[in-house]
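Novice: Chains as they are written, first to last, in the numbering used here: chain E, 204 to 397; chain G, 204 to 397; chain U, 204 to 397; chain X, 204 to 397.
Hint data in this document are derived by calculation from the structure and do not stem from the laboratory.
Treat each hint with caution, since some may be false.
As the list claims (entries may be wrong) - With the C-beta cut set under 8 Å, the calculated list includes, among others, these residues of chain U facing chain G:
#1 SER295
#2 ALA323
#3 SER327
As the list claims (entries may be wrong) - The calculated lysine to any residue pairs, modelled on SDA-like cross-linking and capped at a C-alpha distance of 20 Å, are:
#4 X:LYS390 / X:LYS214
#5 X:LYS265 / G:GLU353
#6 X:LYS265 / X:HIS393
#7 G:LYS265 / G:GLU353
#8 E:LYS305 / X:LYS301
#9 E:LYS301 / U:ARG280
#10 X:LYS218 / X:ALA206
#11 X:LYS305 / X:HIS393
#12 E:LYS218 / G:ALA206
#13 G:LYS390 / E:ALA294
#14 G:LYS390 / X:ASN306
#15 E:LYS305 / E:PRO332
#16 G:LYS305 / X:MET359
#17 G:LYS218 / G:ASN233
#18 U:LYS214 / U:HIS225
#19 G:LYS390 / X:GLU386
#20 E:LYS333 / E:GLY322
#21 X:LYS214 / X:SER327
#22 G:LYS214 / E:LYS301
#23 X:LYS305 / E:ASN292
#24 X:LYS390 / G:LYS333
#25 U:LYS305 / G:ALA206
#26 X:LYS301 / G:GLN391
#27 G:LYS214 / E:ASN292
#28 X:LYS333 / X:SER217
Don't be surprised by glycine CBs; every beta carbon is placed ideally from N, CA and C.
Number of protein chains: 4
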Amino acid sequence: MSAQVWNHLTKTVSKQLDVVPHEAFAGFTNQVLENNTIFVVGAGRSGLVGKFFAMRLMHLGKSAHIVGETTTPGIGRDNLLVCISGSGNTASIVNASKTALKNGARVTTITANRESNLGALSNSLVLLPKSEEVDSCGRYVPDRNSSENELNIMPMGTLFELSALIFLESVIAEIIMECCVQEVEMKQRHTNLE
Amino acid sequence: MSAQVWNHLTKTVSKQLDVVPHEAFAGFTNQVLENNTIFVVGAGRSGLVGKFFAMRLMHLGKSAHIVGETTTPGIGRDNLLVCISGSGNTASIVNASKTALKNGARVTTITANRESNLGALSNSLVLLPKSEEVDSCGRYVPDRNSSENELNIMPMGTLFELSALIFLESVIAEIIMECCVQEVEMKQRHTNLE
Amino acid sequence: MSAQVWNHLTKTVSKQLDVVPHEAFAGFTNQVLENNTIFVVGAGRSGLVGKFFAMRLMHLGKSAHIVGETTTPGIGRDNLLVCISGSGNTASIVNASKTALKNGARVTTITANRESNLGALSNSLVLLPKSEEVDSCGRYVPDRNSSENELNIMPMGTLFELSALIFLESVIAEIIMECCVQEVEMKQRHTNLE
Amino acid sequence: MSAQVWNHLTKTVSKQLDVVPHEAFAGFTNQVLENNTIFVVGAGRSGLVGKFFAMRLMHLGKSAHIVGETTTPGIGRDNLLVCISGSGNTASIVNASKTALKNGARVTTITANRESNLGALSNSLVLLPKSEEVDSCGRYVPDRNSSENELNIMPMGTLFELSALIFLESVIAEIIMECCVQEVEMKQRHTNLE
Chain E
204 MSAQVWNHLT
214 KTVSKQLDVV
224 PHEAFAGFTN
234 QVLENNTIFV
244 VGAGRSGLVG
254 KFFAMRLMHL
264 GKSAHIVGET
274 TTPGIGRDNL
284 LVCISGSGNT
294 ASIVNASKTA
304 LKNGARVTTI
314 TANRESNLGA
324 LSNSLVLLPK
334 SEEVDSCGRY
344 VPDRNSSENE
354 LNIMPMGTLF
364 ELSALIFLES
374 VIAEIIMECC
384 VQEVEMKQRH
394 TNLE
Chain G
204 MSAQVWNHLT
214 KTVSKQLDVV
224 PHEAFAGFTN
234 QVLENNTIFV
244 VGAGRSGLVG
254 KFFAMRLMHL
264 GKSAHIVGET
274 TTPGIGRDNL
284 LVCISGSGNT
294 ASIVNASKTA
304 LKNGARVTTI
314 TANRESNLGA
324 LSNSLVLLPK
334 SEEVDSCGRY
344 VPDRNSSENE
354 LNIMPMGTLF
364 ELSALIFLES
374 VIAEIIMECC
384 VQEVEMKQRH
394 TNLE
Chain U
204 MSAQVWNHLT
214 KTVSKQLDVV
224 PHEAFAGFTN
234 QVLENNTIFV
244 VGAGRSGLVG
254 KFFAMRLMHL
264 GKSAHIVGET
274 TTPGIGRDNL
284 LVCISGSGNT
294 ASIVNASKTA
304 LKNGARVTTI
314 TANRESNLGA
324 LSNSLVLLPK
334 SEEVDSCGRY
344 VPDRNSSENE
354 LNIMPMGTLF
364 ELSALIFLES
374 VIAEIIMECC
384 VQEVEMKQRH
394 TNLE
Chain X
204 MSAQVWNHLT
214 KTVSKQLDVV
224 PHEAFAGFTN
234 QVLENNTIFV
244 VGAGRSGLVG
254 KFFAMRLMHL
264 GKSAHIVGET
274 TTPGIGRDNL
284 LVCISGSGNT
294 ASIVNASKTA
304 LKNGARVTTI
314 TANRESNLGA
324 LSNSLVLLPK
334 SEEVDSCGRY
344 VPDRNSSENE
354 LNIMPMGTLF
364 ELSALIFLES
374 VIAEIIMECC
384 VQEVEMKQRH
394 TNLE
């Protein structure tokens, strides 16, 4: 039934994230804390994950920019570029990273593929496990259908995207706790024009 | 530690969703199955949730459109409008719903507020619990800080947004199982130009 | 032939703009010069016109934001909201204007309709002529087709949108001349990540 | 005065476009007429030009998609990719073109640079003159300032972007005339949800 489905999704995401060492989380969070101007880039649904994160960074008082939006300025020295790419090889993101590095920015990447262009280029990585390395990951096995184990209910990048999203929401939570950020402060920075 | 944070987030989301009756999930899923042209609307991070969903609808072979994107056509008879709004009162979404109804479309809303304009207007509702009605919801209680219960680590609409996202990912999972959709089919419809 | 078509378009736009008094242009330009934080809002193709303008404002060193983009903050005192709406009645823009005024911002609107909600609400207006008031506006009369005068080759909001765009490009040109802005300065602020 | 500025802009654009041979215009228009599924790609303000065009293609009954928007499907055989790139070398657009060709689509590019990657790759080109080849192009010479000829009031890609926009608006006008498209038909396809 429905509860089985969503509990499967959230548990699979948690299990996936539990493989990430605390140091990777703490290191990523510290970089966000230390940089006041942060650019975020991703393609497709990973790009949407980046937008979830960037909006909260703005609420926390950062100067946050989405690569590709209208008024995003150039990246420069002392800026941070956060890349979100399961494959680590999305061409437009690899190009953005090279430019960022050339301009003196730091690049940190959330990926499921260490052996990738972004894995090689980035100053630091958060490595999420690949879907196929997580036991039965994304493959829900209901008894109503004998061919069920050929169905992937977390198709394509779903597991990576949801894991990256919850990872980044956890980073926001950590910053709220470390800096004692009150919700009312964040609300004051929220858009009032939607 | 970090694992505590993300496990708190995913468990809070699951607990929130477990309040949703199976009938609401099944009813919503059926509407999606029965409509070939589906429009999705939301503001801010709820809008991003809608984009996550709409991309997968396209992968499933639906004609899916985001309200506000460049080539989105007019809505008409036999179309479905999916609204995502925690408050149920976002003005632009209320207006879109009125227009949809006037043009013979059906409107279904995911909201945390039954007593809202969208609650009154919509043909059907998926009602997620309000944050404050879920015990300790979004309020993580670490022992490192005595004022901790005043901090909200799922600030603003976070709980609604993540719950709506996992709800909609579960709808996609359910459709994959009911219709035996193979991942390879979905991949063939995915953009190859990013 | 083709040259006839584009010369018709550009001449129609120029003729349309020549009705705008110099004072309206100078007043609008001064407001832009006097405000460092500028929000821009429009729907559909008028929204695209706004994005053309906002990117150049960023290049000129302004803090420029598009209403609806991910990291756009709240509007406040001493900010300027530029609305672009042919009808002057687009609901989402009318709402944004009310909020802006309530928060102490100034609202200036480019419209073709003085007798509109935005016409009534705004602190200042740039009024472009309505299509039907410009002689033969948007109606190109080739001799190859006897029913040609029923065809509108600048359909829907085309004339308003192109006129608003050229008006705003002229405002940018004027600021470049008044402030002696060198192109190299603008290029340095341009995104380097696309 | 203001009228001088906008008349300078529109005349410069017209002069620029008059260099384009009628055959290039007719060839481009025919490709659009012959393809029912059309993808449009551009970066920055050229991307906005593409969105202006794609919305009108949808109004004309085409299945039109912006590369990078949420529900854009994969490109395939019998589809057309329209690229808009002044430099002809924007990496993400070059990549999109290669993929389009590999999948059996046709690629047509509007550019100011024949000696570019897109110039080499594309099945057909519309070549707009480079700014520096047009006499005094973009350089408005008012008498109020002795260093005026060092100021560029059509900075960066302005001339290319406005010329590409008016070119594409002329293509829409031509299709309206050739196919006798009534405005009311276009309006019926326009979004009713904004």
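Novice: Next step is simple, just say for each hint if it's right about the structure.
Specialist: Each hint, compared with the structure:
Look at SER295 (chain U): its Cβ gets to within about 4 Å of chain G, closer than 8 Å, so that hint holds up. Interface hint status for ALA323 (chain U): violated, as the beta-carbon distance to the closest one in chain G is roughly 18 Å, over 8 Å. Among the interface hints, the one on SER327 (chain U) is violated; its C-beta lies about 24 Å from the nearest C-beta in chain G, farther than the 8 Å criterion. In summary, the hint linking LYS390 (chain X) to LYS214 (chain X) is not supported, as the alpha carbons are separated by about 30 Å, beyond the 20 Å threshold.
The hinted pair formed by LYS265 (chain X) and GLU353 (chain G) fails the criterion: a straight-line CA distance of about 54 Å is larger than 20 Å. The straight-line distance between the Cα atoms of LYS265 (chain X) and HIS393 (chain X) is roughly 12 Å, inside the 20 Å bound, and the hint therefore holds. At roughly 44 Å between alpha-carbon atoms, LYS265 (chain G) and GLU353 (chain G) are farther apart than 20 Å, so this suggested pair is violated. Restraint check for LYS305 (chain E) and LYS301 (chain X): not satisfied, since their Cα atoms lie roughly 26 Å apart, outside the 20 Å limit.
Of the supplied pair hints, the one linking LYS301 (chain E) and ARG280 (chain U) is violated, its CA atoms being roughly 39 Å apart against a limit of 20 Å. Pair hint LYS218 (chain X) plus ALA206 (chain X) holds up; C-alpha atoms about 18 Å apart against a cutoff of 20 Å. Restraint check: the Cα-Cα separation between LYS305 (chain X) and HIS393 (chain X) comes to about 33 Å, which exceeds 20 Å; the hinted pair is violated. Our distance criterion of 20 Å between C-alpha atoms is met by LYS218 (chain E) and ALA206 (chain G), whose separation comes to about 10 Å.
Under the criterion of a C-alpha separation no larger than 20 Å, the hint pairing LYS390 (chain G) with ALA294 (chain E) is consistent with the structure, at around 19 Å. With a CA separation close to 14 Å, the supplied pair LYS390 (chain G) and ASN306 (chain X) stays within the 20 Å bound. Between LYS305 (chain E) and PRO332 (chain E) the CA atoms are separated by roughly 29 Å; this puts the pair beyond 20 Å, and the hint is violated. Pair hint LYS305 (chain G) plus MET359 (chain X) does not hold up; C-alpha atoms about 46 Å apart against a cutoff of 20 Å.
For a cut-off of 20 Å, the pair hint linking LYS218 (chain G) to ASN233 (chain G) is broken: about 24 Å separates their Cα positions. Between LYS214 (chain U) and HIS225 (chain U) the alpha-carbon distance is near 19 Å, which keeps this suggested pair within the 20 Å criterion. Between LYS390 (chain G) and GLU386 (chain X) the CA atoms are separated by roughly 38 Å; this puts the pair beyond 20 Å, and the hint is violated. At most 20 Å may separate the alpha-carbon atoms for a hinted pair to count; LYS333 (chain E) and GLY322 (chain E) meet this at roughly 14 Å.
Between LYS214 (chain X) and SER327 (chain X) the alpha-carbon distance is near 27 Å, which puts this suggested pair outside the 20 Å criterion. Between the alpha carbons of LYS214 (chain G) and LYS301 (chain E) the distance comes to roughly 38 Å, so the proposed pair goes past 20 Å and is violated. At roughly 19 Å between alpha-carbon atoms, LYS305 (chain X) and ASN292 (chain E) fall within 20 Å of each other, so this suggested pair holds. Proposed proximity of LYS390 (chain X) and LYS333 (chain G) is contradicted: the alpha carbons are some 41 Å apart, above 20 Å.
Between LYS305 (chain U) and ALA206 (chain G) the CA atoms are separated by roughly 43 Å; this puts the pair beyond 20 Å, and the hint is violated. With a C-alpha separation of about 18 Å, the suggested pair LYS301 (chain X) and GLN391 (chain G) falls inside the 20 Å cut-off, and the hint holds. A C-alpha spacing of about 32 Å is found between LYS214 (chain G) and ASN292 (chain E), which places the hinted pair above 20 Å, so the restraint is violated. Distance check on the hinted pair: LYS333 (chain X) and SER217 (chain X) sit about 14 Å apart at the alpha-carbon level, within 20 Å; holds.
In this structure, the hints that do not hold are numbers 2, 3, 4, 5, 7, 8, 9, 11, 15, 16, 17, 19, 21, 22, 24, 25, 27, in rising order.
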